[in-house]
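Listed here are the chains, written in short residue letters.
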Amino acid sequence: MVLKPERSERAFRFDYLGFIMSVNQTKDIKQFFFKKRWWVLTAVLLAFFTLWTAEFEQANTTSVLVSTLRHSTPLVLGAMCGLLCERSGVINIGIEGQMLMSAWGGFMVASASGSLLIGVFAGIGIGMMMGGVLAGISVGLRGDQIIAGTVINIAAIGITSFFFSLGRTLPSGKAQVIKLGPLADIPVAGRVLFSNKPITFLTLLMIPTLWFLLFRTKWGLRTRAVGEHPSAAETVGISVIGMRYFNVIIGGGIAGLAGAYLSLEAVGSFERGMTNGKGFVALAVMIFGRWNPIGAWGAALLFGYSSAIQTQFQFRDWLTNDPQFIGIIPFVVTIVVLAGFVGRARPPASIGQPYSRE
Amino acid sequence: MPSNTLALEATGISKTFGSVKANDQITLEVKKGKIHALLGENGAGKSTLVNILFGLYKADSGVVKVNGKAVELGRPKDAIDRGIGMVHQHFQLVPILTVAENIVLGNEPANKANVIDIENAKEKVRELAEKYQLEVDTEATVEDLPVGTQQRVEILRSLYRKADILILDEPTAVLTPQETDHLLQVLKKLASQGVAVIFITHKLREVLEVADEVTVMRNGQVVGSTTPSETDESGLAEMMVGRSVVLRVSKEASSPDETVLTVRNLSVKDDRKLLAVNDLSLEVRSGEIFGIAGVEGNGQRELVETITGLRNINAGEIFIGETSITEFSPRQISELGVAHIPEDREKHGLIGSHSVADNLILNRYYKSPFSNRGIRQQKAIASYAKEMVEKFDIRTPSIETPSSSLSGGNKQKAIAAREFSHNARLLVASQPTRGIDVGSIEFVHQQLIKQRDQGLAVLLVSAELDEILSLSDRIGVIYRGQLIVTANAADLDRNRIGRIMTTGSDIT
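Just so you know, the sequences run in chain order A and B.
Start counting the first sequence at 1; every next residue gets the next number (the numbering used here).
Start counting the second sequence at 1; every next residue gets the next number (the numbering used here).
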């Protein structure tokens with residue numbers, strides 16, 4: 001007799017759907033806290049740490065949280081690009097290059113046209129074009145996906161450095177903070193959540209939206225099927241090639257938005273190599289978040305938080321005798337977290353393999 | 001419903017792969033409400049034909065008519081739209097999705113915004129399951145289900161798409177005898193409800209049991225059509241292979257000698273850390289075949305893996321001759337004279353990307369004459385490989401061909417060639433004839449008997465009860481990791497073994 005796994009075990013196969021799923025029984029809730037004990041522990045520790053710092057000065061706590069969100073935005077956007085691609089079976093290690101191209105292109109267009117909005121759209125458009133390049137090589141021509149991504153990264157550094165001219169500015173300045181009326185006046189939460197810049201707001205909306213699309217709609221089910229078992233999808237009449245093109249191009253657009261965020265919303269200018277590895281960290285965020293937008297958001301917040309407290313330490317003159325020590329905080333967090341969690345993550349089964357019908 | 005109307009009619013289908021004519025002017029007529037068996041050896045072109053019917057391959061020439069109308073089947077969707085469903089040999093299910101999600105995939109009940117109505121999907125699946133008596137847990141994740149259940153999901157998926165022509169590609173190759181019986185009942189039921197069933201197999205007994213009509217293929221051509229009432233097993237086998245085949249192995253009484261394998265109070269855990277083999281003892285002597293009968297998943301795999309050194313012993317001892325092998329590595333065990341025909345030949349038997357020659361010397365590539373101070377001796381390897389290919393009739397274009405491109409039967413012959421030429425004292429053969437054609441089965445069986453007569457001790461594990469019964473000198477029936485009964489083959493009959501292996505008890 002083949003033994004069936006126990007019911008509870010199966011219920012938690014859904015954990016890639018995010019934590020808000022399948023927690024409707026007491027037993028499940030208990031199990032949830034046990035299975036996710038590392039998450040829970042991390043969250044509790046971070047909450048304590050935040051409260052502890054709030055003891056000293058509320059303004060500082062607020063600024064840590066604001067900075068957390070600011071650091072996390074490009075990471076979660078990059079991760080969403082990555083998971084769109086990988087859920088459909090295409091590895092995208094070119095996120096870094098897609099972001100860089102879009103940061104540059106968005107800035108140049110905004111600078112020339114004088115409109116931030118046009119700049120952002122240009123950034124998204126360039127991202128989609130870069131996604132099209134990746135899809136063309138890896139899906140259309142069935143090339144190696146890692147090489148295609150690397151090509152994008154190298155080309156992006158070259159192109160953006162070559163065409164970048166110093167001294168350009170944004171006539172309109174960078175994007176400004178939007179306050180959501182009275183909500184923005186709530187202490188701490190108001191400043192952190194309800195008083196942000198446009199792309200940050202958009203990102204906060206996109207996270208649950210993408211989750212819903214991925215796990216509740218036809219498109220999402222088909223995307224996951226294509227990434228997991230493409231020939232199964234093909235035999236029920238789903239176009240594997242079509243789905244992959246679509247997802248990789250849309251993913252490129254999201255990476256483009258991340259690039260536009262960097263140059264038009266966060267910094268207000270373009271610098272050479274300004275993505276500074278964020279596209280790669282986004283990949284770690286995606287894996288850490290288990291190819292799930294909400295998971296990726298949690299992961300991006302953790303990375304953002306470790307960067308934010310690093311800045312705080314410097315402001316407060318803590319441990320300034322050993323500045324190197326402060327500098328390593330984000331990396332220590334990365335290593336601890338990745339070592340603890342990532343080993344158990346399971347990627348979509350077909351990633352990296354080009355698909356052909358016969 | 002009139003039962004003589006043709007549901008599907010294929011005429012003059014031809015398909016060439018490279019220089020191989022996989023299908024040559026095939027004609028096939030399938031009636032509504034009938035089970036049509038497509039019989040043939042591996043490589044006869046059955047799978048190619050049904051893949052054409054399902055739109056996965058494009059035929060070079062020929063016409064397919066569904067319900068009397070000529071149709072163009074360019075891709076699977078065309079076939080699905082015409083009411084053709086297919087249960088693939090390698091299941092086309094997405095492991096991480098639930099049963100309901102897999103069934104509705106590609107045709108999901110959804111609202112205008114394309115949000116899937118999963119409750120509606122589950123309901124529809126439950127209705128179908130009830131109608132055709134194919135019970136499934138709609139919320140279970142597919143990868144957690146046993147193969148038989150996964151196959152049920154595949155059938156339901158076709159029915160959900162309103163298939164009235166159902167193609168099953170070797171559906172019983174992966175099933176236990178119980179699951180097979182159940183599937184055959186399901187097929188009869190489907191046919192009685194008007195579904196035309198195309199059933200690919202090379203198991204003759206199944207054909208005789210359920211088929212209404214039989215089409216036999218050989219080397220890409222249809223060699224004949226018949227009905228079960230007009231023929232019998234040996235008649236079908238002859239059509240299939242093109243010569244008369246010995247289905248029953250003839251053998252002399254065994255003359256067992258000294259004990260070669262001793263398993264004493266063995267306990268072994270499986271991958272989930274559950275006890276798979278529980279206090280099991282057995283002895284195999286040279287010159288006899290000891291058959292282990294049992295439903296798959298009762299500890300056979302773990303037992304075999306432990307004897308061959310692939311799994312750690314939890315308690316108890318194993319001896320080869322006088323030597324305890326508890327601390328031995330697989331290579332040390334192999335050097336003691338233990339040969340192993342593994343259950344999964346693709347995964348554990350051969351290195352698919354390596355050449356046939358390299359696979360033939362896999363258990364002694366490091367020894368003379370194949371290696372000299374760590375350098376491969378190409379000439380010795382080549383001449384040995386050529387000799388083996390000839391002796392064991394391995395059909396391969398050359399000895400340099402990657403082993404993955406051989407057919408199932410020839411892969412098994414290559415493994416047999418390697419393991420039988422090992423000067424072994426003990427052969428552990430696990431499912432040695434699974435999924436291979438009648439000709440190759442005959443060959444493997446004859447080889448097993450021949451080696452036994454030359455003094456080899458054989459531990460045979462098989463899910464095919466017939467195989468156990470026809471080859472074994474002694475039989476042990478395994479149930480939940482324990483040998484319930486061990487007896488001479490002559491003292492056990494089919495019914496009694498079947499009862500013990502399903503209930504674990506010998507009481508009538």
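Since the hints were derived computationally from the structure, they do not count as laboratory data.
Predicted model, so just to flag it, every value in this text is computed and none were measured.
Some hints here could point you the wrong way.
[Stated by the list, open to error] Derived lysine to any residue pairs resembling SDA-like cross-links, with alpha carbons at most 20 Å apart:
(1) B:Lys162 <-> A:Gly237
(2) A:Lys218 <-> B:Pro109
(3) A:Lys197 <-> A:Leu166
Structure-based check of each hint:
The straight-line distance between the Cα atoms of B:Lys162 and A:Gly237 is roughly 14 Å, inside the 20 Å bound, and the hint therefore holds. The suggested pairing of A:Lys218 with B:Pro109 holds, with an alpha-carbon distance near 9 Å, which does not exceed 20 Å. For the proposed pair A:Lys197 and A:Leu166, the alpha carbon gap of about 26 Å is over 20 Å, so the pair is violated.
Going down the numbered hints, you'll see the structure goes against just number 3.
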